[in-house]
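Chemist: First to last, the sequence lines map onto chains H and B.
For the first sequence, my numbering assigns the number 313 to the last residue and increments by one with no breaks.
For the second sequence, my numbering assigns the number 582 to the last residue and increments by one with no breaks.
Just so you know, the hints here were simulated from the structure itself, not pulled from any lab data.
Among the hints, erroneous ones may be present.
Only pairs whose alpha carbons sit at most 20 Å apart, straight line, appear in this in silico SDA-like list of lysine to any residue [as the list claims (entries may be wrong)]:
| # | chain 1 | residue 1 | chain 2 | residue 2 |
| --- | --- | --- | --- | --- |
| 1 | H | K116 | B | R195 |
| 2 | B | K474 | B | G440 |
| 3 | B | K72 | H | I137 |
| 4 | B | K72 | H | P143 |
Some chain B residues well away from chain H (every beta-carbon gap over 10 Å; in silico) [stated by the list, open to error]:
| # | residue |
| --- | --- |
| 5 | S105 |
| 6 | S162 |
| 7 | R165 |
| 8 | L266 |
If you want a taste of the chain B side facing chain H, the calculated C-beta under 7 Å gives, among others [what the hints assert, rightly or not]:
| # | residue |
| --- | --- |
| 9 | S189 |
| 10 | E196 |
| 11 | K198 |
| 12 | V225 |
| 13 | R226 |
| 14 | G227 |
Values in this document were obtained by computation on a predicted structure and should not be read as measured data.
Every residue, glycine too, gets a C-beta built ideally from N, C-alpha and C.
What follows is the residue order along each chain.
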Amino acid sequence: MSIIAVYNIKGGVGKTATAVNLAYLSANDGAQTLLCDMDPQGSSSFYFRIKPDRKFSADKLLKGGKHIDRNIRGTDFPGLDLLPADFSFRNIDIVLDDMKKSKQRLGKILNPLREEYARIFLDCPPNITLLSENIFHAADYILVPLIPTTLSCLALKQLYNFLDEIDENRSKVLVFFSMVEKRKKMHWELMQQLIREPGVMPALIPFLADIERMGQYRQPVNAALPHSLAAAAYADLWREIRKRMVRS
Amino acid sequence: MPITDPSPQGRLAKESVWRLPSAFAAEELLAELKLSFDNSQGERDRSVTTWFDTFDWRLYSRGLLLYYDRTAWHLVHRDSGEEIAGIPDHGGGGWRFCRNFPVSRLRTLLEPLLAHRILLQLFRSTVTTVSLSLLDREDKTVARLVAETHCPAGADREIHALRLRGVRGYDDDFERIRSFLNERGIREEVGPCFFFDEGVQSGGRTPLDYSARFRPALRETMTAREALIMIYRDLLAAMQANEQGMIDDLDTEFLHDFRVAVRRTRSGLGQIRKVLPAEPTNTFRREFAWLGEITGPTRDLDVYLLEEAGYLARLPEELRPALASYFAELRSRRLAERKRLVRRLRSARYRKLIADWQEFLTEGGGGEPSKKSGMPVLELAGKIITRRFTEMVRAGEKITPASPEEKYHQLRIQGKKLRYILEFFSALFPEKEGETAIKALKRLQDNLGMFNDLTVQQNALREHLVSLSPGSRRNLRLAAAIGGLLTSLGDEQVRVREEFTAQFAEFSLPANAVLYRKYCQGKG
Numbered sequence: 066m067s068i069i070a071v072y073n074i075k076g077g078v079g080k081t082a083t084a085v086n087l088a089y090l091s092a093n094d095g096a097q098t099l100l101c102d103m104d105p106q107g108s109s110s111f112y113f114r115i116k117p118d119r120k121f122s123a124d125k126l127l128k129g130g131k132h133i134d135r136n137i138r139g140t141d142f143p144g145l146d147l148l149p150a151d152f153s154f155r156n157i158d159i160v161l162d163d164m165k166k167s168k169q170r171l172g173k174i175l176n177p178l179r180e181e182y183a184r185i186f187l188d189c190p191p192n193i194t195l196l197s198e199n200i201f202h203a204a205d206y207i208l209v210p211l212i213p214t215t216l217s218c219l220a221l222k223q224l225y226n227f228l229d230e231i232d233e234n235r236s237k238v239l240v241f242f243s244m245v246e247k248r249k250k251m252h253w254e255l256m257q258q259l260i261r262e263p264g265v266m267p268a269l270i271p272f273l274a275d276i277e278r279m280g281q282y283r284q285p286v287n288a289a290l291p292h293s294l295a296a297a298a299y300a301d302l303w304r305e306i307r308k309r310m311v312r313s
Numbered sequence: 059m060p061i062t063d064p065s066p067q068g069r070l071a072k073e074s075v076w077r078l079p080s081a082f083a084a085e086e087l088l089a090e091l092k093l094s095f096d097n098s099q100g101e102r103d104r105s106v107t108t109w110f111d112t113f114d115w116r117l118y119s120r121g122l123l124l125y126y127d128r129t130a131w132h133l134v135h136r137d138s139g140e141e142i143a144g145i146p147d148h149g150g151g152g153w154r155f156c157r158n159f160p161v162s163r164l165r166t167l168l169e170p171l172l173a174h175r176i177l178l179q180l181f182r183s184t185v186t187t188v189s190l191s192l193l194d195r196e197d198k199t200v201a202r203l204v205a206e207t208h209c210p211a212g213a214d215r216e217i218h219a220l221r222l223r224g225v226r227g228y229d230d231d232f233e234r235i236r237s238f239l240n241e242r243g244i245r246e247e248v249g250p251c252f253f254f255d256e257g258v259q260s261g262g263r264t265p266l267d268y269s270a271r272f273r274p275a276l277r278e279t280m281t282a283r284e285a286l287i288m289i290y291r292d293l294l295a296a297m298q299a300n301e302q303g304m305i306d307d308l309d310t311e312f313l314h315d316f317r318v319a320v321r322r323t324r325s326g327l328g329q330i331r332k333v334l335p336a337e338p339t340n341t342f343r344r345e346f347a348w349l350g351e352i353t354g355p356t357r358d359l360d361v362y363l364l365e366e367a368g369y370l371a372r373l374p375e376e377l378r379p380a381l382a383s384y385f386a387e388l389r390s391r392r393l394a395e396r397k398r399l400v401r402r403l404r405s406a407r408y409r410k411l412i413a414d415w416q417e418f419l420t421e422g423g424g425g426e427p428s429k430k431s432g433m434p435v436l437e438l439a440g441k442i443i444t445r446r447f448t449e450m451v452r453a454g455e456k457i458t459p460a461s462p463e464e465k466y467h468q469l470r471i472q473g474k475k476l477r478y479i480l481e482f483f484s485a486l487f488p489e490k491e492g493e494t495a496i497k498a499l500k501r502l503q504d505n506l507g508m509f510n511d512l513t514v515q516q517n518a519l520r521e522h523l524v525s526l527s528p529g530s531r532r533n534l535r536l537a538a539a540i541g542g543l544l545t546s547l548g549d550e551q552v553r554v555r556e557e558f559t560a561q562f563a564e565f566s567l568p569a570n571a572v573l574y575r576k577y578c579q580g581k582g
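Please build the complete structure, drawing on both the sequences and the hints.
Modeler: This is the structure in structure tokens:
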């Protein structure tokens with residue numbers, strides 16, 4: 066059983082698309098999979114046409130147990146469930162701050178779900194906060210979509226430093242290139258540079274209209290357009306991740 | 059070897075199943091629901107499932123079902139349909155014994171249940187499904203409706219059903235659709251595996267139509283003769299049920315169960331006299347003794363061969379390969395013995411015995427009343443049980459650790475007699491007391507049985523040792539291996555003999571005697 070957090074400090078790097086498509090592919094393997102939408106914007110929830118219950122909130126999320134249990138929803142796809150996000154998740158740090166052992170809270174509430182799910186994906190909000198720290202503690206893998214630009218590389222360095230600071234293992238981090246535009250020389254150059262680093266995977270997701278259009282058809286790419294380039298790219302990426310998970 | 063961890067199965071979705079009288083126009087019905095479907099055709103699927111169990115229903119009787127669907131094996135709960143364990147098999151589903159299955163959770167679960175029994179194919183069914191997703195206003199799936207048609211091979215009609223599957227977190231929608239369907243007159247709700255019994259019948263059997271447990275349905279009002287006829291009829295049915303499997307040599311237990319039925323019949327004929335006319339009873343007794351005799355050698359070899367793994371475990375590793383030639387010889391001897399057995403089972407003598415016995419029982423044991431044929435069965439049973447119990451306690455008390463093996467052997471035979479008698483009449487007596495009475499006896503019998511098996515095994519090994527010609531290196535190693543086995547078996551026999559005293563003490567407790575006395579007074 067593994068918990069996979071899809072995370073980047075920066076927004077707009079393809080986190081939600083990654084979480085949605087990989088969770089779908091995971092369930093397609095026959096592994097019972099849960100996708101937790103931790104982002105108050107609720108994009109993952111939107112893609113699966115799932116709205117949270119009116120009574121669901123950051124408070125309830127962090128209480129865990131039956132509060133989580135009764136808010137998990139089945140998606141349209143067998144073996145894939147979703148815990149939707151609520152807008153109140155924007156205040157999650159404030160709620161966390163008031164709690165004892167505020168850095169281990171998320172891991173503790175996700176633990177009982179390990180019995181029910183073979184894989185849990187976390188779609189994380191972009192920032193470095195107390196919630197992020199919780200996520201890094203809870204996750205077995207931190208999957209980082211990285212647009213090959215200078216600023217992104219800086220953000221990755223910040224992440225590594227932060228992990229050192231909170232005593233978390235850098236080897237949890239798996240990096241892949243996202244929204245890659247092959248015509249851009251800078252993308253190529255940066256990728257050549259980074260590919261030698263440990264934890265950087267060769268599989269990449271190109272910048273593709275089919276992925277951008279997910280908001281229109283509101284389904285994973287691999288379900289809606291299984292023969293598309295985008296679907297093939299996610300399938301390759303998922304294969305690579307599974308290989309790494311077996312190795313570790 | 060590692061056993062793969064059970065992978066999380068997720069929570070079982072809510073499900074309701076309705077049996078339908080005929081193929082079902084799902085679309086027509088659903089038009090009334092204020093929901094739309096994802097597409098009006100629905101998703102069509104066709105699968106072929108093959109269902110298995112042992113001859114004596116070892117899975118079904120424990121609420122389990124096993125099937126193969128061309129890609130994997132699945133072990134499910136009969137009531138909930140929930141999968142307990144599964145394993146992929148792209149090789150065509152040819153595994154029939156537990157040992158054929160790869161080491162897995164499924165095999166670990168099956169092993170103690172199946173033991174040496176073969177999995178028999180009960181029936182094969184082609185299942186066609188049309189699934190519709192029921193959507194809410196957001197076009198989100200809130201439930202799935204599956205129209206199923208089962209066609210078991212050989213059945214004269216199809217089985218139709220409608221299955222409603224809930225989606226987690228949408229219980230309200232599930233209930234709404236469920237009550238809608240119920241309002242529409244679809245009321246015959248059934249379990250998730252409702253088609254199983256009918257499928258089994260299409261394959262020519264009925265669930266639980268055979269069990270090795272022997273408990274004839276005697277009534278207290280019966281006369282001794284009526285009861286005895288019923289007992290013998292049930293035993294004859296058990297022989298006939300096992301006959302084909304024994305001839306086809308599907309697994310070792312057909313022959314075993316057949317022999318048990320023969321032995322019970324012989325025990326009855328020998329122990330319960332003067333209820334049926336002395337002639338032809340004596341002729342039948344002789345003929346059933348013959349049947350026991352001709353089925354014996356194959357069974358003995360089966361027992362040795364089943365011990366193979368146990369024998370190997372008794373030896374140090376370097377001596378184990380030497381036993382291979384011993385077991386190879388046993389196997390070829392078994393082949394020859396089995397051929398002889400099958401020939402005899404096809405003989406006129408065997409056919410005549412079964413036909414005559416059947417006729418004799420059908421006629422109620424001949425018109426002639428015998429001395430005790432009119433005696434109430436309860437009186438007869440009580441007398442015999444008390445006599446056997448007392449005899450056994452007396453004989454056992456005379457046994458000391460220094461007694462010759464012969465004495466243990468005699469006590470074992472007496473134990474069997476008592477056990478059979480208890481089983482014959484068990485329906486007449488209170489079930490709970492009966493079980494307690496049998497339990498202490500069974501433990502004692504296990505002890506005596508083990509003692510006897512060890513004697514027989516050692517004798518067979520000694521015999522083989524004597525037959526070995528010296529001079530060859532291979533025989534030298536085999537002789538060493540047999541020597542090792544004789545030591546190990548001998549040590550164990552000493553231990554079993556030591557345990558006897560305690561087992562017998564428990565059996566002969568005054569409390570047990572009181573229990574037997576009370577038991578024999580009947581249910582009153």
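Chemist: State for each hint whether it applies.
Modeler: Structure-based check of all given hints:
For the hint linking K116 (chain H) to R195 (chain B), the alpha-carbon distance of about 12 Å falls within 20 Å, and the restraint holds. The suggested pairing of K474 (chain B) with G440 (chain B) holds, with an alpha-carbon distance near 17 Å, which does not exceed 20 Å. Distance check on the hinted pair: K72 (chain B) and I137 (chain H) sit about 14 Å apart at the alpha-carbon level, within 20 Å; holds. This hinted pair checks out: K72 (chain B) and P143 (chain H) have alpha carbons roughly 14 Å apart, not beyond 20 Å.
Every Cβ of chain H is farther than 10 Å from the Cβ of S105 (chain B); the closest lies at roughly 15 Å, confirming the non-interface assignment. With a minimum CB-CB distance of about 15 Å to chain H, S162 (chain B) clears the 10 Å threshold, and the non-interface call stands. Listed as a non-interface residue, R165 (chain B) keeps its Cβ farther than 10 Å from every Cβ of chain H; the least gap is roughly 20 Å. Distance check on L266 (chain B): its Cβ is at least 34 Å (rounded) from any Cβ of chain H, clearing the 10 Å threshold; non-interface status holds.
Because the smallest distance between the Cβ of S189 (chain B) and any Cβ of chain H comes to about 10 Å, over 7 Å, the interface hint for this residue is violated. At a threshold of 7 Å, the smallest CB-CB gap from E196 (chain B) to chain H is about 5 Å, leaving the interface hint in force. Here the hint on K198 (chain B) is kept, as its CB sits about 4 Å from the closest CB of chain H, short of 7 Å. At its closest, the beta carbon of V225 (chain B) sits 4 Å from a beta carbon of chain H; the interface hint therefore holds under the 7 Å criterion.
Annotation: R226 (chain B) was flagged as interfacial toward chain H, and the flag holds, the nearest CB pair being 4 Å apart, inside 7 Å. Residue-level restraint check for G227 (chain B) holds (minimum Cβ-Cβ distance to chain H is 3 Å; threshold 7 Å).
In this structure, only the earlier hint numbered 9 is contradicted, and the remaining ones agree with it.
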